[in-house]
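A.B. asks: The whole structure should be built from the sequences, with the hints applied where relevant.
Position one of the sequence shown corresponds to residue 1 (the UniProt record's numbering), numbered consecutively onward.
In short, the hints are calculated from the structure, not lab data.
Please read all numbers here as calculations on a predicted model, not as lab measurements.
Check the hints yourself; a few may be wrong.
Using C-beta positions, here's what the derived DEER-type ranges look like [unchecked claim]:
#	residue 1	residue 2	range
1	G176	K118	14 to 22 Å
2	Q146	V203	22 to 30 Å
3	N88	N256	22 to 30 Å
4	W181	T92	16 to 24 Å
5	R75	S156	30 to 38 Å
6	R71	T201	38 to 46 Å
7	H58	T187	40 to 48 Å
8	K54	I192	15 to 23 Å
Lysine to aspartate or glutamate pairs mimicking EDC-like chemistry, simulated, CA-CA at most 20 Å apart [as the list claims (entries may be wrong)]:
#	residue 1	residue 2
9	K54	D171
10	K118	D171
11	K195	E212
12	K119	E105
13	K118	D149
14	K118	D147
15	K195	D147
16	K119	D149
17	K119	D147
18	K118	E212
19	K54	D66
20	K195	D171
We put the CB at the ideal spot given by N, CA and C, even for glycine.
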Amino acid sequence: MIDRSGLFLDYLVPAVASCCSGVARRCVVSGAPEVSVCQRCQWDALPADVPHHKLVYHYFTTWTRDGTLNRMHNRLREQVREQVEGRNRQPTAALVDSQSVRGAETVGRPGRGFDAGKKVNGRKRHLAVDTCGLLLAILVTGANVQDRDAARPLLSPLRACFPAIGLTWADSGYAGRLVGWAAAHLTLTVQIVAKLAGQTTFVVLHRRWAVERTFSWINRCRRTVRDYKRLPDHHAAMVQWAMIIVMTRRLARHQNT
Numbered sequence: 001m002i003d004r005s006g007l008f009l010d011y012l013v014p015a016v017a018s019c020c021s022g023v024a025r026r027c028v029v030s031g032a033p034e035v036s037v038c039q040r041c042q043w044d045a046l047p048a049d050v051p052h053h054k055l056v057y058h059y060f061t062t063w064t065r066d067g068t069l070n071r072m073h074n075r076l077r078e079q080v081r082e083q084v085e086g087r088n089r090q091p092t093a094a095l096v097d098s099q100s101v102r103g104a105e106t107v108g109r110p111g112r113g114f115d116a117g118k119k120v121n122g123r124k125r126h127l128a129v130d131t132c133g134l135l136l137a138i139l140v141t142g143a144n145v146q147d148r149d150a151a152r153p154l155l156s157p158l159r160a161c162f163p164a165i166g167l168t169w170a171d172s173g174y175a176g177r178l179v180g181w182a183a184a185h186l187t188l189t190v191q192i193v194a195k196l197a198g199q200t201t202f203v204v205l206h207r208r209w210a211v212e213r214t215f216s217w218i219n220r221c222r223r224t225v226r227d228y229k230r231l232p233d234h235h236a237a238m239v240q241w242a243m244i245i246v247m248t249r250r251l252a253r254h255q256n257t
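C.D. replies: What follows is the structure, given as structure tokens:
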């Protein structure tokens with residue numbers, strides 16, 4: 001990612017301090033995130049060929065806070081949809097699901113919970129993805145939060161940011177009042193894709209496989225297999241960086257073909 005695929009990020013980031021050369025600037029947005037996110041390298045243990053860890057962490061927190069990371073992610077998603085998938089830049093349908101991940105000791109008690117169904121003590125990340133599996137929205141809560149309770153704060157900004165989306169697929173955990181609420185307040189159709197009757201083994205279900213594939217992409221990165229961040233927003237940022245790595249690699253492979 002530091003070479004070919006890092007070029008897709010180079011023009012998306014704002015100008016950084018003048019003391020940083022062009023190579024160092026590109027390492028801030030490509031090499032350091034890949035080492036930290038994929039290999040779970042601690043900030044103060046980053047290799048010598050990337051900028052100082054305090055500088056890298058400064059841009060990580062600043063770009064997370066001011067929306068730069070979100071804008072970079074959105075631009076890359078539009079490029080992948082248009083150039084790689086041959087689709088319109090803006091999606092018209094989405095899939096929602098959640099995944100509970102164990103929290104490290106750095107995750108404070110107020111921001112964590114226990115998922116009784118999965119027997120996981122930590123946090124839960126609620127994702128909305130397009131039909132290609134690309135991330136549209138993310139919400140990080142305690143693992144004890146039910147899917148249908150987190151769906152409202154997830155779907156509301158999703159509908160505002162992507163007005164063309166009129167259909168969302170979800171599993172049985174989102175059934176109930178959410179379907180009527182989404183239709184009445186968001187003019188959004190939530191279609192429940194339930195398990196097959198008598199299903200006891202893994203079966204590829206209609207549309208739901210796309211979001212499950214997204215979870216597998218995210219879990220390839222060691223930083224996102226567990227939650228190591230004190231703040232939920234920082235864990236969400238790590239998930240976005242993981243998807244940025246996926247998208248830049250796909251764009252690089254597409255250019256090489």
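A.B. asks: Each of the hints needs a verdict: does it hold here or not?
C.D. replies: To see whether the hints hold, each was checked on the structure:
{"no.": "1", "hint": "G176 x K118: 14 to 22 Å", "result": "holds (20 Å)"}
{"no.": "2", "hint": "Q146 x V203: 22 to 30 Å", "result": "holds (24 Å)"}
{"no.": "3", "hint": "N88 x N256: 22 to 30 Å", "result": "holds (24 Å)"}
{"no.": "4", "hint": "W181 x T92: 16 to 24 Å", "result": "holds (21 Å)"}
{"no.": "5", "hint": "R75 x S156: 30 to 38 Å", "result": "violated (23 Å)"}
{"no.": "6", "hint": "R71 x T201: 38 to 46 Å", "result": "holds (42 Å)"}
{"no.": "7", "hint": "H58 x T187: 40 to 48 Å", "result": "holds (42 Å)"}
{"no.": "8", "hint": "K54 x I192: 15 to 23 Å", "result": "violated (48 Å)"}
{"no.": "9", "hint": "K54 x D171", "result": "violated (42 Å)"}
{"no.": "10", "hint": "K118 x D171", "result": "holds (16 Å)"}
{"no.": "11", "hint": "K195 x E212", "result": "holds (14 Å)"}
{"no.": "12", "hint": "K119 x E105", "result": "holds (17 Å)"}
{"no.": "13", "hint": "K118 x D149", "result": "holds (17 Å)"}
{"no.": "14", "hint": "K118 x D147", "result": "holds (13 Å)"}
{"no.": "15", "hint": "K195 x D147", "result": "holds (16 Å)"}
{"no.": "16", "hint": "K119 x D149", "result": "holds (19 Å)"}
{"no.": "17", "hint": "K119 x D147", "result": "holds (15 Å)"}
{"no.": "18", "hint": "K118 x E212", "result": "holds (16 Å)"}
{"no.": "19", "hint": "K54 x D66", "result": "holds (18 Å)"}
{"no.": "20", "hint": "K195 x D171", "result": "holds (8 Å)"}
When the structure is compared with the earlier hints, violations turn up for hints 5, 8 and 9 and for no others.
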